[in-house]
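J.: Residue 175 in our numbering sits at position 175 of the sequence shown, with consecutive numbering throughout.
Everything labelled a hint here was simulated from the structure, so no lab data went into it.
Careful, some of the hints might be misleading.
Stated by the list, open to error - Here are the simulated EDC-like cross-link-like pairs (lysine to aspartate or glutamate), alpha carbons at most 20 Å apart as the crow flies:
{"id": "1", "residue 1": "Lys67", "residue 2": "Asp521"}
{"id": "2", "residue 1": "Lys264", "residue 2": "Asp363"}
{"id": "3", "residue 1": "Lys27", "residue 2": "Glu11"}
{"id": "4", "residue 1": "Lys612", "residue 2": "Glu401"}
{"id": "5", "residue 1": "Lys619", "residue 2": "Asp495"}
{"id": "6", "residue 1": "Lys507", "residue 2": "Asp495"}
{"id": "7", "residue 1": "Lys611", "residue 2": "Glu470"}
{"id": "8", "residue 1": "Lys326", "residue 2": "Glu45"}
{"id": "9", "residue 1": "Lys338", "residue 2": "Asp363"}
{"id": "10", "residue 1": "Lys576", "residue 2": "Asp620"}
{"id": "11", "residue 1": "Lys371", "residue 2": "Asp467"}
{"id": "12", "residue 1": "Lys412", "residue 2": "Glu401"}
{"id": "13", "residue 1": "Lys399", "residue 2": "Glu426"}
{"id": "14", "residue 1": "Lys576", "residue 2": "Asp499"}
{"id": "15", "residue 1": "Lys326", "residue 2": "Glu336"}
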Amino acid sequence: MMMTCKEKAVEWSLSIRSVNSLCKQGKIKGAMKVKGIWKIPDDAEKPIDGRITSGEYTTSMEPKVLKALPIGISDYARAQSQYYYVDKTGLISELLKKSTANVTLITRPRRFGKTLAMSMLEHFFDIRHDNHSLFQDLEISHESAICQTWMNQRPTLFITFKDVDGITFDSAFDMLKFVISQICIEYSYLEQSDAVSDAYKEIFKRLKNQTASATDVKGSILILMKMMQAYYGKTVILLLDEYDVPVAKASSNGYYQEMLEIMKAMMSTSLKDNSSLCFAVVTGCLKIAKESIFTGTNNFVSDTITDSRLNEYFGFTQNDVNQILKESNTAEYSDEIKAWYDGYHFGCFDVYCPWDVMNYLRDLQHNPSMKPESYWKNTSDNAIIRSFIDYAGSSITMKLEKLLSGGYIFQKIEENLTYDYLHSSEDNLWSILYLTGYLTRVREMDIQETIPDGTTALMIPNREIKDIFESTIIKWFNESTKHWNRTELFHAVWDGNSDRMTDEMNKLLRKTISYHDYREDFYHAFLAGIFTGAGYVVESNKEHGEGRSDVIVYDSENGQLALFEVKYSSTLDQMKQSCQKALAQIDEKMYAKEFEDSYDKILCYGIAFFKKRCLVYLKD
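My request is simple: use the sequences and hints to build the entire structure.
T.: Structure representation (C-alpha cells):
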C-alpha cells in the first residue's frame, strides 16, 4: 500500500511541504514519484528530524524543555536564534515560485504572524547581511536554487506602519514622519554615495531630520528605492507591513481623507510604474478597495483568508501545535487549547491563533493549573464588536443569538472595503467581523443545507472569541439598561405584583441579545443587570440559609428586600412547574430566614425563563 504526502504528513505531524522535501532528498525509504506525485509506502518510518525548529540544531524528536516563547517578538533574527521558532520559511518559495505579480497584498487578522513573516522575508533577501545561519536546515534551505539566487542578494526596504496613530491628523502625520526618519537614519550611508543624485540627497536629508513636507513624505518610499537602486545597481524588494493601520486609525479619529491622501500617494509612487521595484509584498488586516488606495497599481494580486495559497504560513496548523505540545510536554492540554484557540478556517487550512497558543503555553510554564483565557481582547478594545452591537436591529440580533448558541449564519461578504464606509451597511459589518477574525468560514462538510448564492456560512471560531462577544454584550446590556424605563418593573417588584412583573420582564427580555445558549447564568446576569445602577444593592449567588440564592435586591432605605430564585425551563409548558420548584427551594433552603430581623418586608419570587419568555410567581 502506498500513501500520499498529505496522508503521511498527518501521520507524522509534519507539513505536507516537509514530507515532499524529505522525498526529494531521498530520506524516505521506498518513496517514488508516480505521474509526478510522490507515493510513500504505508510502513515507511519517519526520518529523524534534523531541522531547526526551536533555534538550535537537534537530531532527536524526544520531548525537551521548551525554549523561551517569542511573545511580542516580531524580529525574525531574534525569534529564530533565541526563541522557539515554528518554521514558516516555505512562504519564501511560495512567493518566488508561484507569484508573477509585481505586488502581492496579504491580509490576515491581528496576531497571526504578519510582521514576523515580513521580518523573515527581509532577513532572507536583504543584501546588507549574510544570514545563511538563520535559515540553516529550515524548509527554505532545501531550495538550493532559490537560496543561491535570492538569499541576501537584493536591496530590501522594510517599513512597518503599525505605530502610525494619533488623535489628530497633525499628530499622526508627525508619527509617520518619525517612522520614515528612522528608516532614513538606518540608510544614512546612501547620502555619501557618488552614485546617488544630489537632488535625492536633499529630500533624503529633510526626511531624516523630520523637516519634510507633505510632498516629500508622499514620495519618500520612491526616493529611498531610487537611492538604493543607484547604490547597489539592482532593483529593490519592497516590504510594507500593516499598510492599512494609518487609514484605520484616521477613520476612527476623524481625519480619514487627509491620511488617505498621504498613504494613497505613497503607495502609488512606489508601486505604480516604478522602475526601481523588483517586487513588493504588502500586509494588512483588510483589503482596501484598489481604487481607494492602490489606484493604477500594475500586476497586483491579493491573498486573503478566503484563498488557499499562503494560509499555512499565517497561524499555526494542527501539526505545528502538535509539535509544540510534544516538545513542551504539554500534550494533556491539547483539547483545551483546541477549544479556545483553534477553529479558524482559512482557505483549505484549519489554523490556530499563534498569539494565543504562545501566551497560554507561557502561562502554563509558570502555573500548570492555569485555565485558558482570552489573550486577544487584551490587544485591542474590540470596538468593532461594540459598534456592531450598537448598530444591531432585530435582524442582526437574531443572527448574533444564533452564532452565540453555536450555530452558523449565511451572509454576503465584501472583501474590497473602504474604511469610511465600514459601517454603512449590515453586509459591511458582517464582512469586517469575518475579515478581522471575529468570525470564520464554516467548512462545507459541516453545513447541513444549501448555501444561498453569493453568501458565506459564518460561525464563531472558538471559545476565546465567544468570550469576547459575551463580555462585550454584558457591558452593552449594563450600559443600555440605565436608559431603559424600569419604573413600572420596580413598582411591581415592591408591590408584589407578579403578573405585572411578568409583563415588564418580557418587554426587557425582547430588548436583549442572549448569550450562553440560554443557560441559567445568562438569566442571572440579566436579572442582576436590571437592578444594578438603579439605587439598589444587588447580590448574586451569595450564601444564605442552607444554600446560595440566585439574586437578592436590597432597598435598605425603605426596609425591604426582594429575593429571586431563577430556573430555566426546557419547554414553554414547564414554566409553571419551574416557578413552583423555585419557590419550594426558597422554603427548603430557608434563604429568607436571616433577613427577618432586619427587613420589614421580604418578597420571595420564583422566576422561570424559556428563551425570551419569563413567568414570575410570588411566595405567599
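J.: Each hint needs a verdict: does it hold in this structure or not?
T.: Checked hints:
1. Lys67 / Asp521: Violated. Lys67 to Asp521 sits at ~40 Å, over the 20 Å cutoff.
2. Lys264 / Asp363: Roughly 42 Å separates the two Cα atoms, so the pair is violated.
3. Lys27 / Glu11: 16 Å, holds
4. Lys612 / Glu401: 11 Å, holds
5. Lys619 / Asp495: 13 Å, holds
6. Lys507 / Asp495: With a Cα-Cα distance of about 19 Å, the restraint between Lys507 and Asp495 holds, given a limit of 20 Å.
7. Lys611 / Glu470: 17 Å, holds
8. Lys326 / Glu45: 19 Å, holds
9. Lys338 / Asp363: 16 Å, holds
10. Lys576 / Asp620: 16 Å, holds
11. Lys371 / Asp467: 14 Å, holds
12. Lys412 / Glu401: 18 Å, holds
13. Lys399 / Glu426: OK: Lys399 and Glu426 at ~11 Å, within 20 Å.
14. Lys576 / Asp499: Holds, at about 13 Å.
15. Lys326 / Glu336: 15 Å, holds
Violated hints, listed in ascending order, are 1 and 2; each of the other numbered hints is respected by the structure.
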